[in-house]
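Undergrad: Sequence:
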Amino acid sequence: SQRAQLEANNLAHKSEAEQVATKLEGQKFIAIRQAGDTGQLYGSVSTRDIADVIKSGGFTVDRNQVVLDKAIKALGVHPVQ
Numbered sequence: 009s010q011r012a013q014l015e016a017n018n019l020a021h022k023s024e025a026e027q028v029a030t031k032l033e034g035q036k037f038i039a040i041r042q043a044g045d046t047g048q049l050y051g052s053v054s055t056r057d058i059a060d061v062i063k064s065g066g067f068t069v070d071r072n073q074v075v076l077d078k079a080i081k082a083l084g085v086h087p088v089q
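This note's numbering applies: residue 9 is where the sequence shown begins, and numbers increase by one.
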């Protein structure tokens with residue numbers, strides 16, 4: 009019975025995440041950070057920073073839902089899942 013309940017909860021979370029994903033598809037968010045003359049950031053942009061920028065844009069996203077292969081350390085446009 010617990011397994012069935014967990015599967016039902018997972019299905020509900022998945023459908024909710026898919027709804028948020030369709031709303032976020034194609035959206036662009038800007039994170040302002042200090043950088044050197046060569047375009048290298050003095051810090052890096054992490055999943056927490058991205059989640060905060062998305063939250064300020066009016067969406068509810070947890071940092072665990074943001075997928076990055078590695079932290080962003082250079083200026084530019086970076087696609088994020």
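Treat each hint with caution, since some may be false.
27 Å max Cα-Cα, derived BS3-like pairs, lysine-lysine [said to hold, decoys possible]:
| hint | residue 1 | residue 2 |
| --- | --- | --- |
| 1 | K81 | K22 |
| 2 | K36 | K81 |
| 3 | K36 | K63 |
| 4 | K78 | K22 |
| 5 | K36 | K22 |
| 6 | K78 | K36 |
| 7 | K63 | K31 |
Keep in mind the hints are simulated off the structure, nothing from the lab.
Please read these numbers as outputs of a predicted model, since none were measured by experiment.
Undergrad: Now tell me, hint by hint, if it's right for this structure.
TA: Quick rundown of the hints versus the structure:
{"no.": "1", "hint": "K81 with K22", "result": "violated (31 Å)"}
{"no.": "2", "hint": "K36 with K81", "result": "holds (18 Å)"}
{"no.": "3", "hint": "K36 with K63", "result": "holds (13 Å)"}
{"no.": "4", "hint": "K78 with K22", "result": "holds (25 Å)"}
{"no.": "5", "hint": "K36 with K22", "result": "holds (23 Å)"}
{"no.": "6", "hint": "K78 with K36", "result": "holds (19 Å)"}
{"no.": "7", "hint": "K63 with K31", "result": "holds (13 Å)"}
Comparing the model with each numbered hint stated earlier shows that hint 1 is the single one that does not hold.
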